[in-house]
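All chains should be built: construct the whole structure from the sequences, respecting the hints.
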Amino acid sequence: MKEDFEYEEEIDFWNKELQEYIEKPSDANEFLKITAEFDERGMLKKNTVKIYSEDPMGKYLPVEEKNIPMFKTAEELANQGYEEMRELVGK
244 MKEDFEYEEE
254 IDFWNKELQE
264 YIEKPSDANE
274 FLKITAEFDE
284 RGMLKKNTVK
294 IYSEDPMGKY
304 LPVEEKNIPM
314 FKTAEELANQ
324 GYEEMRELVG
334 K
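Going by this note's numbering, the residue at position 18 of the sequence shown is 261; the numbering climbs one at a time, nothing skipped.
Hint data in this document are derived by calculation from the structure and do not stem from the laboratory. A couple of the hints might just be wrong.
No more than 30 Å apart at the CA atoms, straight line, and that leaves these computed lysine-lysine pairs for DSSO-like [unchecked claim]: (1) K302 - K289; (2) K276 - K302; (3) K267 - K288; (4) K259 - K315.
Just the calculated beta-carbon pair ranges, DEER-fashion [said to hold, decoys possible]: (5) E246 - K289: 50 to 58 Å; (6) T291 - Q262: 19 to 27 Å; (7) Y250 - K315: 19 to 27 Å; (8) T316 - E252: 22 to 30 Å; (9) Y303 - D255: 14 to 22 Å.
Each residue gets a CB set at the ideal place from its N, CA and C atoms; glycine is no exception.
Structural data, given as structure tokens:
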């Protein structure tokens with residue numbers, strides 16, 4: 244098991260690394276999952292289409308403004324990163 248200072252060093256490293264990318268435009272690919280319901284004639288049922296986007300942890304989340312980084316401020320993205328790091332180290 245890692246000591247607390249080892250976690251802190253690793254988090255500091257990634258914080259410095261990620262600061263280079265925050266607020267800078269970049270090209271990226273996104274994995275989407277789309278679901279929908281069809282009626283007995285094979286026609287798409289209105290209002291049943293749902294779009295999901297894969298997050299960095301590999302989970303598919305519904306596409307909503309709150310889940311899309313481009314709609315977040317640099318501060319919100321940094322806080323989200325800290326929270327994800329806390330989840331990863333189990334603290």
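Comparing the hints with the structure gives:
1. K302 - K289: holds (26 Å)
2. K276 - K302: holds (11 Å)
3. K267 - K288: violated (39 Å)
4. K259 - K315: Holds: K259 and K315 sit about 19 Å apart, inside 30 Å.
5. E246 - K289: 50 to 58 Å: Check passed, 56 Å falls within 50 to 58 Å.
6. T291 - Q262: 19 to 27 Å: violated (41 Å)
7. Y250 - K315: 19 to 27 Å: holds (25 Å)
8. T316 - E252: 22 to 30 Å: Given a distance of about 27 Å, which is inside 22 to 30 Å, the answer is holds.
9. Y303 - D255: 14 to 22 Å: violated (30 Å)
In summary, the numbered hints that this structure violates are 3, 6 and 9.
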